[in-house]
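Going down the list, the protein sequences come from chains A and B. Here the first sequence is numbered in my numbering, starting from 1 and rising by one per residue. Here the second sequence is numbered in my numbering, starting from 1 and rising by one per residue.
A couple of the hints might just be wrong.
[To be verified] Here are the computed distance ranges between Cβ atoms for each label pair:
1) A:Asn35 / B:Thr77: 44 to 52 Å
2) B:Gly47 / A:Lys385: 52 to 60 Å
3) B:Lys54 / A:Val311: 42 to 50 Å
4) A:Lys176 / B:Ser112: 53 to 61 Å
5) B:Asp118 / A:Asp179: 24 to 32 Å
6) B:Asp118 / A:Ala46: 23 to 31 Å
7) B:Glu49 / A:Gln369: 14 to 22 Å
Hints in this document: simulated from the structure, not taken from any laboratory. Here a beta-carbon is modelled for each residue, glycine too, at the ideal position from N, C-alpha and C.
One letter stands for each residue in the lines below.
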Amino acid sequence: MSSVEASPASTPAVVRQTALNAVHRQMGAKMVDFNGWDMPVEYPAAIGCGIINEHMAVRTGVGIFDVSHMGDIRLAGRQALDAVQHISMNDASKLAIGQAQYSALLYPQGTFVDDVIVHRLDEDEYFLVINAGTREKDFNWVRDNTRQFDCAVENLSDDFTQIAIQGPKSVDTLQKLTDADLRKVKFYWVTRGSVCGLKNILIARTGYTAEDGFEIYIPADEATSARVWNEILNAGKEFGIVPCGLGARNTLRLEGGLSLYGHEISDTINVWEARLDRFCKMEKPEFVGRLALEKAKAEGVKRTLVGLEMVDRGIARDGYKIVDDSGGEVGYVTSGSPAPFLKKNIALAYIPPALAPLGTPVNVEIRGQGVRAQVVPTPFYKRPKKS
Amino acid sequence: MAYPTDRKYTKEHEWIQPNGNTAAIGITDHAQESLGDIVFVDLPKVGAELAAGKSFGTVESVKAVSDLYSPVSGTVTEINGELATSPEKVNKDAHGSWMVKITLKDPKELASLLSPADYDKFVEEEGGH
Chain A
1 MSSVEASPAS
11 TPAVVRQTAL
21 NAVHRQMGAK
31 MVDFNGWDMP
41 VEYPAAIGCG
51 IINEHMAVRT
61 GVGIFDVSHM
71 GDIRLAGRQA
81 LDAVQHISMN
91 DASKLAIGQA
101 QYSALLYPQG
111 TFVDDVIVHR
121 LDEDEYFLVI
131 NAGTREKDFN
141 WVRDNTRQFD
151 CAVENLSDDF
161 TQIAIQGPKS
171 VDTLQKLTDA
181 DLRKVKFYWV
191 TRGSVCGLKN
201 ILIARTGYTA
211 EDGFEIYIPA
221 DEATSARVWN
231 EILNAGKEFG
241 IVPCGLGARN
251 TLRLEGGLSL
261 YGHEISDTIN
271 VWEARLDRFC
281 KMEKPEFVGR
291 LALEKAKAEG
301 VKRTLVGLEM
311 VDRGIARDGY
321 KIVDDSGGEV
331 GYVTSGSPAP
341 FLKKNIALAY
351 IPPALAPLGT
361 PVNVEIRGQG
371 VRAQVVPTPF
381 YKRPKKS
Chain B
1 MAYPTDRKYT
11 KEHEWIQPNG
21 NTAAIGITDH
31 AQESLGDIVF
41 VDLPKVGAEL
51 AAGKSFGTVE
61 SVKAVSDLYS
71 PVSGTVTEIN
81 GELATSPEKV
91 NKDAHGSWMV
101 KITLKDPKEL
111 ASLLSPADYD
121 KFVEEEGGH
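Pulled out of the complex, with its shape left as it was, chain A reads as follows (with noise of 0.2 Å):
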């Protein structure tokens, strides 16, 4: 066998921690270094978890996730909106205070310099959460593309300690724990409230799984954030909840069609490659990388970003190269895995707009063979409608 891991007993100074990290362990989590963060891939089967129970926790009932490495930038002042406007490609404009939209900050030439969730947190405050990889990068970008607003930009990146409770019945858990009325918070809007007795925590009806849940924002220091993980953990003990880890977290995306960045999106792909056209509001006069978006609009784009579903015995992986009848190359999976939910393997990839329609038929490489796929709608899954 290779690639067999033992869970490291330490982690070199450099790696990052969050506030639960010794929490983890002592679940007895596997961990990884994501991005320069130490964080649990997945928890022991011993305690009925593991990628695929977690994965189905959270498409049953409900599943806790640390997502603390994640960053938190704040616009706030005068010309808080225009700054947001600025960088960011999606209407800002649009959002009531307590709404929440996905969004996307663009280089000059249209591509990514992450994704991005903008909340408007108050008349002229707004609270941005980006990528783990990429916090340094963001908020020096937003702070130096927005020099010309009257606008403060702050970087709460290690304030806060972040949990997503995530599934059908996170609404259950969560109320337990808040007197904020949950049922009045509608899914991509945010409210405050007390949790686990702490006053005035962001709570966000937001997530990365493709299922109903939220976020909330609570103080980084490790007792807090142990205290609160333990306390979700047992309201949501009837539901059957389980720690999840960023294994489930890539599988639970990607059922969902979700980009991840530094796969789906990326500083040399555009909007339109990407296909999140419906985030990029084109109608508004000027934001970073209009121009050139606008360019590349009329001039068409060489690869498009599609769904695959495996036909034959395989999966297909990350990197893994999408190649014509003959063996050439003509795309690339983006991300690859088994589908735990819909038992299927799936994959995103970028392959030629001309290979795109629904149903055709294409060959991953796995291991020098071809496996046959096919070109599936997008997303794999969608979560079932409250009646």
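Got chain A sorted already, so can you dock chain B onto it with the hints?
This is chain B only, laid out in the frame that chain A set:
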């Protein structure tokens, strides 16, 4: 952990259970635990020639692909068809889930493999349990 005494082991976490001039090959409990949920096992065809130390197939977990290395040289006589439809059996019982059966090319190769005690020690030193 006490590894079964009717077989020998490799540093690549395979086990081989000899039976006269034939043997069964699988992966150890430590291997399945490290891999996590196994979703795919890719085995050679009957008649394939295996060489000691060379890859003869792959086992895939949700997150990763791992090569299977043959402990010895030989010819494949049987493959465990159950693993094509139920790869999770390896997680449930790694030592009871043989992957291939072979005829041994050179039984003397077995002598250089790890005893159960040596393998247990190796796993502990590697940081496992």
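Structure-based check of each hint:
no.: 1; hint: A:Asn35 / B:Thr77: 44 to 52 Å; verdict: holds, 47 Å
no.: 2; hint: B:Gly47 / A:Lys385: 52 to 60 Å; verdict: holds, 53 Å
no.: 3; hint: B:Lys54 / A:Val311: 42 to 50 Å; verdict: violated, 30 Å
no.: 4; hint: A:Lys176 / B:Ser112: 53 to 61 Å; verdict: holds, 60 Å
no.: 5; hint: B:Asp118 / A:Asp179: 24 to 32 Å; verdict: violated, 60 Å
no.: 6; hint: B:Asp118 / A:Ala46: 23 to 31 Å; verdict: holds, 26 Å
no.: 7; hint: B:Glu49 / A:Gln369: 14 to 22 Å; verdict: holds, 19 Å
Of the numbered hints stated above, those contradicted by the structure are hints 3, 5, listed in ascending order.
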